[in-house]
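Same order as they appear, the protein sequences are chains A and B.
With the working numbering applied, the first sequence corresponds to residues 55 to 254, in that order.
With the working numbering applied, the second sequence corresponds to residues 55 to 254, in that order.
A couple of the hints might just be wrong.
Chain A is faced by these chain B residues, among others (derived, beta-carbon under 10 Å) [claimed, not checked]:
hint, residue
1, I66
2, M72
3, A97
4, K107
5, Y111
A few chain A residues that don't get close to chain B, going by computed Cβ distances all over 12 Å [claimed, not checked]:
hint, residue
6, Q67
7, R108
8, P143
9, P168
10, G213
11, G219
12, V220
Calculated from the structure, these hints are not laboratory results.
These figures come from a predicted structure and were not determined experimentally.
Heads up, the beta-carbon is just placed ideally off N, CA and C, and yes, glycines get one too.
There are 2 protein chains.
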Amino acid sequence: MLGSSDRIERLIQELTKMPTIGRRTAQRLALYLLKAPLEEVTALARAMIEMKKRVKYCSECGGITEQDPCVICCDPKRDRSVICVVEEPGNVIGVEKTGEFRGLYHVLHGRLSPLDGVGPEDLSVDSLLDRVKTLGIGEIIIATNPNVEGEATCNYVAGLVKPLGVKVTTIARGVPMGSDLDLADEVTLARAIEGRGEIK
Amino acid sequence: MLGSSDRIERLIQELTKMPTIGRRTAQRLALYLLKAPLEEVTALARAMIEMKKRVKYCSECGGITEQDPCVICCDPKRDRSVICVVEEPGNVIGVEKTGEFRGLYHVLHGRLSPLDGVGPEDLSVDSLLDRVKTLGIGEIIIATNPNVEGEATCNYVAGLVKPLGVKVTTIARGVPMGSDLDLADEVTLARAIEGRGEIK
């Protein structure tokens with residue numbers, strides 16, 4: 055119990071349910087909120103509830119949206135022949151920020167992870183296959199995470215889409231820009247060599 | 055803007071106002087809350103508001119409490135001749151956890167920090183002097199943080215309390231338990247030598 059207050063303790067408990075928030079951080083946040091103006095705390099609580107009530111997943115791509123379908127799916131200027139497949143809605147933001155991709159997205163809402171009990175039936179793949187067929191997609195770019203689970207998910211999705219006669223690509227794995235070769239681990243460096251590009 | 059949702063963006067903005075929460079963490083928390091059950095989000099929002107409405111600072115010691123005076127100030131079993139002075143309400147928890155202190159507390163609600171515009175007038179020292187006089191305190195243990203601001207605050211408080219004829223002590227600065235001497239910085243090691251204790 056924090057000092058003599060059950061309510062601070064309850065708030066700490068609720069805060070620690072969130073990712074990246076441990077007991078110590080939760081305590082610090084709770085004490086910050088206790089000191090903060092009531093308006094700020096109310097604004098935060100209201101922002102949570104408002105978001106929860108109004109924000110949903112797009113019925114087409116599974117991305118985050120307040121209108122359905124989302125603005126990306128509705129945008130006539132997007133290239134409707136390419137779909138970028140990602141694991142989570144947050145990944146869409148990362149790809150959008152690059153400004154390099156003008157196609158559509160598809161969010162799987164997960165990754166194959168037998169240890170966490172996540173199997174193929176938990177991923178939004180049926181809707182992806184439907185979209186590939188009805189939209190006449192020419193290329194699927196798979197942008198799952200560069201780790202064991204992401205790679206497994208990538209292979210699984212590729213195996214489902216390829217029989218439909220669609221070109222399937224995956225984003226390059228290699229040494230990150232701005233880093234040092236000495237810092238790259240062997241697996242990354244091996245993938246960078248394997249995926250080398252010709253200088254023309 | 056995150057995807058196509060202003061409300062997610064607003065929540066991220068509100069979350070980043072809190073300490074230790076950067077843009078990336080806020081984004082992760084917002085996406086977590088979007089996925090979490092409505093009951094969990096409501097419980098968190100309610101815990102914040104409830105805490106804000108019911109928890110206050112004790113009018114005696116300045117610690118966190120739901121009743122005034124707080125349970126520590128009201129507890130007849132506490133030693134009412136010693137006050138431990140700390141910077142923030144959170145520090146009370148740390149000292150209480152040790153189980154080594156059975157006296158009363160006094161929270162300054164800040165530390166001298168000219169760079170942040172915090173001067174002597176911003177600390178709860180008047181009420182400390184009143185308590186020293188009326189409670190007939192025999193010892194003041196100053197437990198401010200072991201850094202420049204904390205030390206300055208410690209010296210300032212000591213200078214005010216000493217003329218009242220009260221014994222003023224400060225917690226020992228030294229090498230932390232469980233660490234390695236090689237890892238201690240020079241200032242800490244110098245203070246550890248200066249504050250050495252005789253082995254009897």
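Checked hints:
| no. | hint | verdict |
| --- | --- | --- |
| 1 | I66 | holds (9 Å) |
| 2 | M72 | holds (5 Å) |
| 3 | A97 | holds (6 Å) |
| 4 | K107 | holds (8 Å) |
| 5 | Y111 | holds (8 Å) |
| 6 | Q67 | violated (8 Å) |
| 7 | R108 | violated (5 Å) |
| 8 | P143 | violated (6 Å) |
| 9 | P168 | holds (21 Å) |
| 10 | G213 | holds (27 Å) |
| 11 | G219 | holds (30 Å) |
| 12 | V220 | holds (25 Å) |
Checked against the numbered hints above, the structure breaks hints 6, 7, 8 and satisfies the rest.
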